[in-house]
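J.: Below are the chains, spelled out letter by letter.
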Amino acid sequence: MKPALTEIWVYLSASPLLHLTLTVCAYLLGDWLFRRSGRKPIFNPVLMAIVALVALLVLTGTPYPTYFAGAQFVHFLLGPATVALAVPLYFNFSKLRRLLMPLCVGLFAGSITAALSAVGIARLLDASTGTMLALAPKSVTAPVAMGIVEKLGGPPSLAAILVVSTGIIGAVIGPTLLDWLKVHDPAVRGFAIGTTSHGIGTARAFQESEEAGAFSGLAMGLNALLSSLLLPVLLYLTGIV
Amino acid sequence: MVSSAANAKDLPTLPGLPMLQSFAILLVFQLIGEAGTQLLNLAVPGPVAGMALLFTAIALRPGLGHALRSTTSGLLQHLSMLFVPAGVGVMLHAGRIRQEWVAIVLAVVIGTIVTLAVTALTIRALAERAPLGPVETEDE
Chain A
1 MKPALTEIWV
11 YLSASPLLHL
21 TLTVCAYLLG
31 DWLFRRSGRK
41 PIFNPVLMAI
51 VALVALLVLT
61 GTPYPTYFAG
71 AQFVHFLLGP
81 ATVALAVPLY
91 FNFSKLRRLL
101 MPLCVGLFAG
111 SITAALSAVG
121 IARLLDASTG
131 TMLALAPKSV
141 TAPVAMGIVE
151 KLGGPPSLAA
161 ILVVSTGIIG
171 AVIGPTLLDW
181 LKVHDPAVRG
191 FAIGTTSHGI
201 GTARAFQESE
211 EAGAFSGLAM
221 GLNALLSSLL
231 LPVLLYLTGI
241 V
Chain B
1 MVSSAANAKD
11 LPTLPGLPML
21 QSFAILLVFQ
31 LIGEAGTQLL
41 NLAVPGPVAG
51 MALLFTAIAL
61 RPGLGHALRS
71 TTSGLLQHLS
81 MLFVPAGVGV
91 MLHAGRIRQE
101 WVAIVLAVVI
111 GTIVTLAVTA
121 LTIRALAERA
131 PLGPVETEDE
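Note that the protein sequences, when read in sequence, are chains A and B.
Positions 1 to 241 (my numbering) are the ones given, in order, by the first sequence.
Positions 1 to 140 (my numbering) are the ones given, in order, by the second sequence.
Honestly, I wouldn't trust all of these hints.
Unchecked claim - Facing chain A, a subset of chain B residues (Cβ under 7 Å, in silico):
1. F29
2. L82
3. F83
4. V90
5. A107
6. T112
7. L116
8. T119
9. A120
10. T122
Stated by the list, open to error - Some chain B residues near chain A, calculated using beta-carbon distances under 8 Å:
11. F23
12. P47
13. T72
14. H93
15. V109
16. L126
These are computed hints drawn from the structure, not numbers from a lab.
By construction, the Cβ of each residue, glycine as well, lies at the ideal position given by its N, Cα and C atoms.
So here's chain A without its partners, still in its complex pose:
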């Protein structure tokens, strides 16, 4: 009995199916808990899924590359999902035209603030250059941020974690902070959340309304575009690269 079980475990843990299934189930469990909690921001489904999966991998002694061999199928969908953002964007375009100038300036301000605030704080606290490089694109959607950091010679996988953390914090704090600042226009709320917290923020903004979600998705796309042009220059000017 026991050796048979071990054999099955060895077989399954080597196939991508196990970790793909675990990823989807951990997220669904997190989402269920989130809804059961009455959508309390701290019960963020992504955060809970990550904590559960890391605990499981550490307990079973599974290395990350083994996990990623299965999870990559989920990770891959980030590309088509980014392309898909064009659809809600189109259906909210009339509102975009109305706010075109304020949004462009806001994007520029947000994009520069995101990079400089994070790198500046890290530098004040004597962080290493690798950490500063990985922090710079933390408001940019994961696949793009990883590309930027890799080009600059930083650690892309650390960048991915900082991106996800920024997304979760923006999703958790964002709506409350914006209420507190008395920003009520769904387009402005969505755009600010998307500029700061990319796809995770966009997922949160879609819960507020389709309009907020569309603007968040737009901001995420534009920030990815702008940051990939701006960050190398910004980091060069601050003397980090």
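Position chain B relative to chain A; hints supplied.
T.: Here is chain B on its own, set in the frame of chain A:
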């Protein structure tokens, strides 16, 4: 750019394409985006270029947007799940995070709050100066 428009025109403007066909369209646009940015040596990431191209195609052919809508809203509903695999990568950096956690936590938390506030307040300040409202809706 021309090729994406041609692509979109070949499609019938069906009200609601089946999921697989919609997914194929998304992949084709991503592929054109990836190939285009590689060929032209652009700093823009492929999927973002794909999004811009798909947006252009829908603007030229709005039926395409309606056809894709059910699939894309399904995909975007679970957008945050797609970040889980990258997030689990935190385990690769336990050592560095243990050493620099104060700087990392403060940079991420304060940076995020400041960025949100700066973006939202900039937009609101500028939008108030140029008053909103249905003043210039010529098309309705």
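J.: Confirm or reject each hint.
T.: Quick rundown of the hints versus the structure:
no. : hint : result
1   : F29  : holds, 5 Å
2   : L82  : holds, 5 Å
3   : F83  : holds, 5 Å
4   : V90  : holds, 5 Å
5   : A107 : holds, 4 Å
6   : T112 : holds, 5 Å
7   : L116 : holds, 5 Å
8   : T119 : holds, 3 Å
9   : A120 : holds, 4 Å
10  : T122 : holds, 4 Å
11  : F23  : holds, 7 Å
12  : P47  : holds, 4 Å
13  : T72  : holds, 4 Å
14  : H93  : holds, 5 Å
15  : V109 : holds, 6 Å
16  : L126 : holds, 4 Å
Checked against the numbered hints above, the structure breaks none of them.
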